[in-house]
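Take a look at the letters that make up each chain.
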Amino acid sequence: GDSVTQMEGPVTLSEEAFLTINCTYTATGYPSLFWYVQYPGEGLQLLLKATKADDKGSNKGFEATYRKETTSFHLEKGSVQVSDSAVYFCAFNNAGNMLTFGGGTRLMVKP
Amino acid sequence: DSGVTQTPKHLITATGQRVTLRCSPRSGDLSVYWYQQSLDQGLQFLIQYYNGEERAKGNILERFSAQQFPDLHSELNLSSLELGDSALYFCASSVGSTYNEQFFGPGTRLTVL
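Residue numbers (this note's numbering), protein chains in the order written: chain A, -5 to 105; chain B, 15 to 127.
Mixed in with the good hints, there may be bad ones.
[Claimed, not checked] Across the chosen pairs, the derived CB separations fall in these ranges:
id, chain 1, residue 1, chain 2, residue 2, range
1, B, His87, A, Pro105, 15 to 25 Å
2, A, Arg100, B, Ser93, 29 to 39 Å
3, B, Arg32, A, Arg100, 41 to 51 Å
4, A, Glu10, B, Thr19, 28 to 38 Å
5, A, Phe12, B, Thr27, 44 to 54 Å
Because the hints were derived from the structure by calculation, they are not lab data. We put the beta carbon where it would ideally sit given N, CA and C, even for glycine.
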C-alpha cells in the first residue's frame, strides 16, 4: 500500500552544517509531495511542496526535488541554524484527500 | 499561526469516558481534516469533512465520530476511551476538497488515565 519512508533520527548537526533528510514514497499515480515541520509544542507547518516530477520546492533555505524515477523527495539545506531544530515530516497526497506521512525525523542543531 | 484553532489544548480524562475536541478552520476553508499523532502509529488520517459532508474516511475507530457544522467548525467525538487513545489530535483545513494544501492547528493533547 501507499507509504512514506524517511530516515530515522535523531540527526545531530553543528550550526552551518549541510542537511539532508532522505524521503522515499510508495504510491500509485502521481502524488503531490510535501515537507512539514513541527517545532516543539506546536502543530505542523507546511515547509515546502512539489506537485509534479522534477518540481523543486523551496522555502527558508530548504529545498526538495520531486524525483519520480527514484520516488524520492529528499530535503536539503545548505547551512542549518539552531532554530531549525524540529521534527520534519515527509508526506504525500495521492487519493486527493488524506495526507500520508512518514515517521518523522528529529533534527538537533548544536551551536 | 496557521489560522486553524483547536480547543482545548490539553485534555485529561479517564478510561471509559467521552470527550469532544473542537476545531475552527481558516477563514474561507471548506474542508476539515482530523489526524491522530501517537508514538506507536505516527501521524494517521482519521476523517475529512467538506462543507458539512463526510468526504473521506481513514483509520478511524467506530468509537470515534466527527461532524462539521453549518458555520464550518468541526468536532471530533471520542467515546469509551482507552489508554491507547492517548495522543495528539490535529485538525487541518483547506480551501477545496482534494489536492489542496492543508493547514494544521496546534493540536489537542489527550491523556487517558
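Evaluated hints:
| no. | hint | in the structure |
| --- | --- | --- |
| 1 | B:His87 - A:Pro105: 15 to 25 Å | 42 Å, violated |
| 2 | A:Arg100 - B:Ser93: 29 to 39 Å | 33 Å, holds |
| 3 | B:Arg32 - A:Arg100: 41 to 51 Å | 34 Å, violated |
| 4 | A:Glu10 - B:Thr19: 28 to 38 Å | 37 Å, holds |
| 5 | A:Phe12 - B:Thr27: 44 to 54 Å | 45 Å, holds |
In summary, the numbered hints that this structure violates are 1 and 3.
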